[in-house]
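> Sequence:
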Amino acid sequence: MDTVRERLERLKAKPRRVGLPLSEDEINPRPEKVLLSPESIFMRKIEKLMSSITSTKKKMLADSGQYLSLYYDLKKQEKEFLETLDDPELQYLDIPDIFMQKINNMKKRIIDHKF
Numbered sequence: 001m002d003t004v005r006e007r008l009e010r011l012k013a014k015p016r017r018v019g020l021p022l023s024e025d026e027i028n029p030r031p032e033k034v035l036l037s038p039e040s041i042f043m044r045k046i047e048k049l050m051s052s053i054t055s056t057k058k059k060m061l062a063d064s065g066q067y068l069s070l071y072y073d074l075k076k077q078e079k080e081f082l083e084t085l086d087d088p089e090l091q092y093l094d095i096p097d098i099f100m101q102k103i104n105n106m107k108k109r110i111i112d113h114k115f
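When you line the sequence shown up against our numbering, it's residues 1 to 115, in that order.
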């Protein structure tokens with residue numbers, strides 16, 4: 001049976017394996033920062049508002065017993081959504097047509113439900 005010293009000396013005598021050279025991704029694992037355009041910031045904000053409106057509507061339909069408070073929250077979210085769309089700088093943004101269709105559909109639904 002080998003002693004610890006003999007095993008260490010034997011391991012020390014073996015040549016080390018050299019690993020493969022690292023690629024650029026392995027050296028710097030953090031992704032490059034993406035510059036945010038005004039369009040992407042606006043789209044994120046609108047997406048967040050649209051998702052909060054739909055989730056509030058789902059909660060209202062779930063019969064949670066909080067209908068009035070959820071209705072108040074829904075009206076605040078809808079008001080914020082419409083105010084965001086009334087921004088005069090919106091006409092200068094280059095927003096995709098598909099996204100504008102989603103926005104217009106949501107806007108139409110909100111306006112049609114107001115009496």
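The hints are simulated quantities; they were obtained by calculation from the structure and are not laboratory data. Careful, some of the hints might be misleading.
[Stated by the list, open to error] Just the calculated beta-carbon pair ranges, DEER-fashion:
1. 58 x 80: 34 to 42 angstroms
2. 35 x 66: 56 to 64 angstroms
3. 93 x 62: 31 to 39 angstroms
[As the list claims (entries may be wrong)] Dumping the calculated BS3-like pairs for lysine-lysine here, alpha-carbon to alpha-carbon at most 25 angstroms:
4. 107 x 59
5. 45 x 14
6. 48 x 12
7. 33 x 79
Where a beta carbon is used, it is the ideal one built from N, C-alpha and C, also for glycine.
> Confirm or reject each hint.
Each hint, compared with the structure:
1. 58 x 80: 34 to 42 angstroms: violated, 18 angstroms
2. 35 x 66: 56 to 64 angstroms: violated, 41 angstroms
3. 93 x 62: 31 to 39 angstroms: About 35 angstroms separates the Cβ atoms of residue 93 and residue 62, which means 31 to 39 angstroms holds.
4. 107 x 59: holds, 20 angstroms
5. 45 x 14: violated, 60 angstroms
6. 48 x 12: This hinted pair is violated, its Cα atoms lying about 60 angstroms apart.
7. 33 x 79: violated, 33 angstroms
Consistency with the previously given hints fails for numbers 1, 2, 5, 6, 7, ordered from lowest to highest.
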